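Visitor: Protein chains in written order, with the working numbering: chain A, 1 to 470; chain B, 1 to 470; chain C, 1 to 470; chain D, 1 to 470.
Fair warning: there could be bad hints in the mix.
Pairs of lysine-lysine residues, derived as DSS-like cross-links and limited to a Cα-Cα distance of at most 30 Å, are as follows [to be verified]:
| no. | chain 1 | residue 1 | chain 2 | residue 2 |
| --- | --- | --- | --- | --- |
| 1 | B | K440 | C | K353 |
| 2 | D | K164 | C | K151 |
| 3 | A | K353 | A | K377 |
| 4 | A | K151 | A | K127 |
| 5 | C | K131 | D | K151 |
| 6 | A | K164 | A | K466 |
| 7 | A | K440 | D | K319 |
| 8 | C | K151 | D | K131 |
| 9 | D | K455 | D | K420 |
| 10 | C | K163 | D | K127 |
| 11 | C | K319 | B | K369 |
Hints in this document: simulated from the structure, not taken from any laboratory. Treat the numbers as computed from the prediction; the structure is a model and nothing was measured.
4 protein chains.
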Amino acid sequence: MCMNFEDKPKDECGIFAIYSATTQDLASTCYYGLYQLQHRGQESAGIAISYGNDIKYYKNTGLVSEVFAGDILKELPEGDIALGHVRYCTKDEVSVVNAQPIVYHGKCGDFALAMNGKITNADELRKSLVKEGVIFQSNIDLEVIANLINKYTEGENVIIGVKKAVEVLEGSFAFVLITSTSVIAVRDRFGLRPLVFGTHFDDYYVSSESCALDSLGVDVERDVAPGEILVINNEGTKSYYMDNIERRPCIFEYVYTARADSVIDERSVYKARFECGRRLAEKIKIDADMVAGVPDSAVVAARGYAAGSGIPYIDVLEKNRYVGRTFIQPTQAFRENSVKIKLNVHKANVQGKRIILVDDSIVRGTTSKKIVDILKKAGAKEVHMVIASPIVKHPCYTGIDIETYDQLIGAYRNESEISKIIGTDSLHFMDVEDLIDCCKAHAGDTFCAACFDGKYPDNIEEKVLKRKGD
Amino acid sequence: MCMNFEDKPKDECGIFAIYSATTQDLASTCYYGLYQLQHRGQESAGIAISYGNDIKYYKNTGLVSEVFAGDILKELPEGDIALGHVRYCTKDEVSVVNAQPIVYHGKCGDFALAMNGKITNADELRKSLVKEGVIFQSNIDLEVIANLINKYTEGENVIIGVKKAVEVLEGSFAFVLITSTSVIAVRDRFGLRPLVFGTHFDDYYVSSESCALDSLGVDVERDVAPGEILVINNEGTKSYYMDNIERRPCIFEYVYTARADSVIDERSVYKARFECGRRLAEKIKIDADMVAGVPDSAVVAARGYAAGSGIPYIDVLEKNRYVGRTFIQPTQAFRENSVKIKLNVHKANVQGKRIILVDDSIVRGTTSKKIVDILKKAGAKEVHMVIASPIVKHPCYTGIDIETYDQLIGAYRNESEISKIIGTDSLHFMDVEDLIDCCKAHAGDTFCAACFDGKYPDNIEEKVLKRKGD
Amino acid sequence: MCMNFEDKPKDECGIFAIYSATTQDLASTCYYGLYQLQHRGQESAGIAISYGNDIKYYKNTGLVSEVFAGDILKELPEGDIALGHVRYCTKDEVSVVNAQPIVYHGKCGDFALAMNGKITNADELRKSLVKEGVIFQSNIDLEVIANLINKYTEGENVIIGVKKAVEVLEGSFAFVLITSTSVIAVRDRFGLRPLVFGTHFDDYYVSSESCALDSLGVDVERDVAPGEILVINNEGTKSYYMDNIERRPCIFEYVYTARADSVIDERSVYKARFECGRRLAEKIKIDADMVAGVPDSAVVAARGYAAGSGIPYIDVLEKNRYVGRTFIQPTQAFRENSVKIKLNVHKANVQGKRIILVDDSIVRGTTSKKIVDILKKAGAKEVHMVIASPIVKHPCYTGIDIETYDQLIGAYRNESEISKIIGTDSLHFMDVEDLIDCCKAHAGDTFCAACFDGKYPDNIEEKVLKRKGD
Amino acid sequence: MCMNFEDKPKDECGIFAIYSATTQDLASTCYYGLYQLQHRGQESAGIAISYGNDIKYYKNTGLVSEVFAGDILKELPEGDIALGHVRYCTKDEVSVVNAQPIVYHGKCGDFALAMNGKITNADELRKSLVKEGVIFQSNIDLEVIANLINKYTEGENVIIGVKKAVEVLEGSFAFVLITSTSVIAVRDRFGLRPLVFGTHFDDYYVSSESCALDSLGVDVERDVAPGEILVINNEGTKSYYMDNIERRPCIFEYVYTARADSVIDERSVYKARFECGRRLAEKIKIDADMVAGVPDSAVVAARGYAAGSGIPYIDVLEKNRYVGRTFIQPTQAFRENSVKIKLNVHKANVQGKRIILVDDSIVRGTTSKKIVDILKKAGAKEVHMVIASPIVKHPCYTGIDIETYDQLIGAYRNESEISKIIGTDSLHFMDVEDLIDCCKAHAGDTFCAACFDGKYPDNIEEKVLKRKGD
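All chains should be modelled from the sequences, with the hints used to inform the complete structure.
Guide: What follows is the structure in structure tokens.
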């Protein structure tokens with residue numbers, strides 16, 4: 001169904017919510033917001049609108065522009081509160097059942113809920129909820145959260161429901177719940193997934209990334225804090241905090257996931273990437289003719305490397321902008337070089353040249369090998385690869401979709417072993433400390449960089465493996 | 001969204017289920033079965049397949065042939081048990097959320113559930129389930145049933161869950177539940193909605209109407225009995241029965257809903273309709289040149305009238321076969337005579353003629369008026385209308401979508417008053433006793449004819465009005 | 001691509017044209033007209049609108065309601081003249097290139113042209129036009145006609161172009177040409193294909209069948225006469241006539257092609273069919289319990305037989321109304337009995353009965369065999385088939401798509417041989433003389449019944465075979 | 001219908017053709033080739049395959065991946081010769097009638113023809129062809145060329161037809177004609193539009209740009225020369241040349257149209273753009289903090305400027321990658337800042353900064369004004385714009401879709417007047433001589449830079465204006 005030419009982790013999602021005193025046509029505003037978060041999820045999109053005591057919604061598989069083509073937006077009602085979501089590609093789907101937001105009727109009315117993250121004890125929670133008499137209509141973690149919130153809601157007090165629900169959730173989550181009167185935005189106690197809060201006159205916005213707020217002319221106020229439960233209603237905003245808050249935002253957002261024009265936890269993604277490149281140039285000296293980045297995600301880091309090294313930046317790969325969802329599978333003849341459908345070599349720039357190629361990360365290594373191969377075939381004399389992140393040595397249980405060691409080329413290999421496999425003349429990774437340093441907004445900022453250093457927040461790996469062992 | 005040129009009640013659905021020891025490609029077989037039930041529901045279609053411990057499904061809005069166009073059927077797995085559903089048009093939908101079957105994970109595994117009917121105490125049950133901590137993701141009665149079954153299931157014993165659930169349900173229902181090992185087919189204690197059981201070698205089938213079994217070469221064994229809970233699994237079939245069974249199948253199935261080639265509760269729908277016409281001819285003598293039926297549903301009764309009266313059958317209306325879901329709304333110029341888009345007059349047959357026009361029923365009366373009008377304009381000398389059912393004087397709370405008295409032209413009017421409104425030279429309805437007599441398979445058979453005689457099973461009207469009064 | 005469960009000839013088309021002094025939104029009116037001609041062609045549809053000196057159009061594959069779904073009609077301009085077309089299914093298409101109308105710019109402006117018929121010397125004409133320097137962008141005969149009209153147009157005189165073009169055309173044709181100022185409706189000198197002319201206040205209409213005019217409330221004035229060139233412009237109507245007019249309308253329109261509520265050449269199709277049945281009953285006496293027609297096309301004739309014989313009419317086959325364009329191909333298991341997808345037996349009416357089954361015609365015989373088979377399996381004691389037309393013994397070169405003798409079950413077989421193949425207890429056809437008699441509007445009316453009697457107008461068969469022999 | 005957020009000229013097309021002795025599945029290869037030319041045309045796509053004496057084709061509106069979604073490619077036949085085309089967006093279309101290739105049957109068989117360019121005397125030629133008895137079924141220039149070739153073809157000699165046809169064509173054209181036995185690739189005598197020739201073992205390829213050949217692993221042999229008629233058949237290749245060849249390739253291909261990884265007339269587009277930037281940096285010294293390019297087309301020139309000036313390259317605009325064909329029109333609230341849907345500011349990079357913003361060209365100036373505006377609002381201290389091309393002062397009659405002076409912001413304005421309108425602190429264009437110098441592959445190379453300098457090849461402007469004056 002979904003096309004994945006890239007060897008990149010994917011399991012992100014994007015959330016966009018509005019609480020508006022005055023704005024007309026929230027559905028359209030939400031649509032534009034989601035459209036800016038499209039890079040976080042291309043499989044499905046949905047928008048829910050709360051009006052009076054009801055919530056109406058529409059969701060389907062496809063890009064935001066496809067799902068809401070035609071008159072669909074007009075069929076959504078005018079309302080005061082909106083919640084939108086985009087979702088990434090997963091494997092075994094034939095229906096829209098896993099699309100978000102999920103909309104449901106619970107103890108005290110209608111709700112819509114959308115999330116970004118991964119609940120590591122979802123199966124356990126699901127089983128115990130099932131024992132208590134609940135049924136599940138999908139496989140998504142979100143249905144577990146909806147049921148927990150409902151279970152713990154006391155009378156009309158949904159906030160207590162949210163507070164208690166988040167206590168039993170393990171893993172990562174940023175989610176937004178809308179009711180008939182309020183928006184409740186929640187970020188887990190590690191702040192693993194990003195969530196940002198903005199205002200525009202008397203309206204309030206919550207978004208996975210600041211780029212969506214910028215684009216709408218909404219002022220970015222601040223990040224929702226790790227462990228914060230931010231309630232927005234007609235009295236303004238009020239915050240509650242979880243226990244045991246321990247700041248550990250996912251560092252991979254800076255490496256690859258987020259859009260470069262976003263600012264996450266007060267650190268510009270662009271600047272973080274540029275600084276990574278610059279820092280690498282300081283430490284790793286390579287005698288070469290040119291620096292280039294793998295488009296699009298590694299171009300900023302490559303520029304940083306060029307700036308730091310004084311070696312000129314020259315593109316070596318051109319990306320085809322039109323790879324879409326409906327692209328047909330390459331026939332056998334083309335499968336081998338499927339990377340060429342997406343990336344073509346700037347032959348004129350490459351011939352006889354010694355190239356420093358910067359990429360943001362290497363996960364499985366399959367695409368890197370192909371890229372090196374087509375550069376060499378195009379006449380590159382040397383290809384030195386500089387990776388603007390450390391070796392991915394550990395699975396991620398709380399976000400991206402790599403859950404076992406054997407999927408990782410670097411799990412049990414060092415730089416030179418990986419270099420040999422992918423065919424580079426030399427291969428260089430970044431130190432974890434340097435990466436963290438580059439992504440810091442403030443001295444003392446801490447991250448989850450477990451995929452690089454194995455230091456999981458909340459002993460997640462241990463818990464996950466123990467559960468599997470049961 | 002959905003096109004409704006006809007003044008006919010609609011809220012039916014069709015169910016089709018298979019338990020197979022041997023058949024390959026259940027999804028296709030289920031597709032062909034549903035296709036024969038398409039007249040019972042044209043809004044959405046879905047198929048669920050149980051294989052191993054999982055259930056996969058696909059459902060969407062559209063005709064069976066549209067929903068399962070392309071490769072969708074192939075994406076459904078091979079399995080041993082299948083459940084399909086078609087659903088009628090309702091008003092306020094923008095998504096597939098109300099399509100059936102619903103598939104869920106409950107106390108003892110995966111389930112799929114599909115129904116035909118209307119639970120009159122659904123709101124009440126929903127509220128009390130919500131109080132107990134359950135959330136609802138749609139507005140359909142089926143989700144209430146799913147939760148009740150789950151609630152009452154004891155350990156692995158789903159049958160006890162079903163038994164107890166049906167005790168608290170009021171209204172009409174025929175539903176099928178599939179699990180990883182069994183098919184459970186249920187018909188309410190009045191047998192209000194039809195459900196039939198068939199076999200083909202070692203395979204078992206359940207269908208809303210027998211025509212779907214015939215078409216697949218499946219032997220019709222018998223109707224699922226009013227109040228029966230029929231369990232099909234690897235030990236064969238076993239039946240349980242509800243308390244207080246009181247046979248009252250909906251008589252409107254014979255009048256209009258079912259396909260003429262079906263046999264419901266051992267009575268051929270075709271024969272019932274033909275006999276209605278014949279009986280009317282006996283009682284209502286009209287001096288006319290010809291008899292004609294309103295296509296398609298009243299043609300059989302009209303033939304009966306012709307046979308009984310000796311007056312020749314000559315068509316006066318030709319039906320356009322191509323009115324589809326996507327038909328655009330008539331512009332103002334055409335709206336007035338929108339009936340002409342679907343029905344054209346056989347001018348050559350009509351001019352100067354005294355016509356006996358047989359229709360199956362009159363509900364709102366709007367279409368009847370238009371038909372009389374176009375016949376007169378085409379030169380008919382007299383139009384006498386004979387209705388092969390009594391005056392619809394009462395709402396239906398358990399099936400068709402007419403829930404208030406003021407929607408019914410006949411609620412407070414007699415034959416001559418209605419005749420004046422729709423412009424017939426004379427208008428004649430059938431007696432309830434005669435209708436019941438014509439639809440009987442056996443002496444003593446009883447029906448729900450509440451829309452005609454106001455005798456609701458289970459005092460449903462009283463209960464409904466009392467609830468509304470709360 | 002296109003679904004054909006039926007063993008019926010197909011190569012018809014439908015034309016609908018409007019010349020309007022006053023009507024708004026001709027595109028919609030044309031849409032409704034085409035919709036009533038949908039039975040004449042289900043593959044593609046198109047509408048062209050002439051406004052000022054330009055002609056805009058839209059055409060695509062699909063039913064009328066599919067092609068003009070969404071806002072397409074609104075994108076067509078307001079104008080004074082409209083031309084629409086529906087087209088039947090042919091085999092080897094992957095694009096819309098053969099859809100009609102074709103719109104072109106020629107010697108004196110913009111034109112749109114649409115036809116029903118088959119030009120038997122098209123290849124020859126095409127070749128000679130190609131030699132003269134013309135190029136062809138499709139395979140349809142219409143492009144030949146367009147080029148001929150253009151070739152023979154003198155100055156601004158398009159009528160002379162039409163007059164000379166029709167002189168060199170062999171075969172059958174009814175076509176309509178629209179220009180910026182006029183509608184020109186043409187019927188070949190034999191009148192092989194139908195074409196009817198109507199008025200509504202100051203507006204003029206031309207349609208393949210009268211049912212489309214009736215449905216719009218347009219008064220049917222008269223048939224366009226065989227050999228007539230009817231010109232409609234701001235001076236009203238004017239007619240020109242070809243030489244050698246010899247009235248020979250296709251009798252198969254009455255047998256099968258036309259809708260029963262149409263009147264063709266002053267003869268009601270319904271009455272012709274009914275009379276065929278009645279006439280058969282007079283001549284062919286069968287001792288049986290009931291008469292039934294194969295739905296939908298043979299039901300009227302069957303009623304005539306019942307009326308004539310006094311044997312009661314009882315349905316034996318129920319037709320599924322929902323077979324659509326997108327219906328997936330039956331899998332192997334179902335292919336054998338694919339007729340059951342479309343037709344189901346009324347078991348209750350059939351068991352133990354001796355049935356007279358009336359069909360309109362037998363062409364290949366494949367479907368007839370299947371129908372007899374399913375009736376016998378359903379318990380019919382005897383199946384006697386009565387065909388409301390003679391044995392099809394000859395190919396048709398001017399209309400329907402059967403061009404060789406070996407496709408016809410009856411080409412070299414008599415009644416009893418065909419009966420043995422299709423498994424009937426007895427099989428009876430109609431005499432050609434009787435058929436002609438039943439279809440006559442006036443004494444002396446003559447037809448093309450060449451498929452039955454081999455008497456081709458204009459020695460067409462001889463010419464066709466000679467050409468093939470070249 | 002088609003989305004155009006950008007203020008860029010558009011009227012390009014892409015051609016891709018294959019002559020193959022051995023390759024299987026030419027349709028797929030052609031599909032991949034077209035996919036790499038998608039930037040040259042996003043409105044429609046088509047592929048024609050020549051096999052035996054026939055040509056089959058499919059074309060429709062949409063992106064390559066949309067047009068050939070599903071099984072369409074498989075429905076095209078195996079063959080030896082393929083021709084594909086992508087086409088840009090124009091205004092007044094409701095059908096696929098203008099899609100290419102056009103496929104036709106002419107004097108000596110079947111042909112498919114596809115082009116890139118604009119015939120300035122097309123109307124005149126069309127009129128005279130119409131007088132000679134030809135009809136036109138579309139408005140595209142290509143139909144004129146097809147008719148001319150056909151007209152001048154002598155016997156089986158198509159080459160003579162092409163030779164004579166090109167003599168009467170004015171304007172720009174690169175076209176490919178395929179027959180049952182050969183590929184004929186033609187580039188006008190000025191070489192205004194690009195066309196390149198490649199080989200892969202015994203197969204021959206022709207493409208609008210080299211990037212499509214690279215991506216398929218095809219060796220780029222050489223450009224088709226200005227005025228060349230390159231014939232490829234089973235005897236290999238043979239070239240004919242027009243009279244009066246005068247090398248004047250369109251310089252705007254280097255400025256904006258072509259993909260950066262292509263090499264046109266032996267000059268790398270990337271290097272041309274980079275050199276433009278570098279050259280500008282030499283001449284135009286600006287005291288600023290950073291250099292940035294407007295993505296995507298001006299990024300390379302901006303890098304050149306950064307390299308030449310020593311000022312660091314920092315991005316200021318992030319482009320949303322997901323703007324698609326179906327994107328709904330912004331509501332009023334957003335229309336004003338519609339540029340923000342596509343481009344978001346890197347706030348963190350911009351605040352308080354003096355920015356040199358490089359763009360490739362300014363045509364209407366509307367987008368430039370909006371970009372400057374959003375940068376200023378985001379806190380930029382100064383915005384200096386450097387354009388990597390001269391002021392567009394003249395219409396283009398042979399390619400891009402700007403045909404009148406009043407559409408051009410620079411037609412009658414100088415740098416400082418334009419600067420005032422778009423709100424830059426300073427604005428700088430390139431000299432024509434410098435641009436030409438940067439785009440040269442060899443000393444002495446000449447270009448058409450008429451949009452900048454008014455020096456039209458063949459006195460085209462004079463001829464066009466004279467014709468309009470008629």
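Visitor: Evaluate each hint against the coordinates.
Guide: Going down the list of hints, with the structure as the test:
With a C-alpha separation of about 22 Å, the suggested pair K440/B and K353/C falls inside the 30 Å cut-off, and the hint holds. For the hint pairing K164/D with K151/C, the CA-to-CA distance comes to about 24 Å; that is within 30 Å, so the pair holds. Straight-line distance between C-alpha atoms of K353/A and K377/A comes to about 12 Å, which keeps the hinted pair within the 30 Å bound. Restraint check: the Cα-Cα separation between K151/A and K127/A comes to about 14 Å, which is no more than 30 Å; the hinted pair holds.
Straight-line distance between C-alpha atoms of K131/C and K151/D comes to about 10 Å, which keeps the hinted pair within the 30 Å bound. Using a Cα cut-off of 30 Å, the hinted pair K164/A and K466/A holds, with the two alpha carbons roughly 24 Å apart. With a CA separation close to 25 Å, the supplied pair K440/A and K319/D stays within the 30 Å bound. Under the criterion of a C-alpha separation no larger than 30 Å, the hint pairing K151/C with K131/D is consistent with the structure, at around 10 Å.
A distance of roughly 28 Å separates the Cα atoms of K455/D and K420/D; the hinted pair therefore holds under the 30 Å criterion. Simply put, K163/C and K127/D have alpha-carbon atoms about 24 Å apart, close enough for the 30 Å limit, and the pair holds. At most 30 Å may separate the alpha-carbon atoms for a hinted pair to count; K319/C and K369/B meet this at roughly 28 Å.
In this structure, every one of the numbered hints holds.
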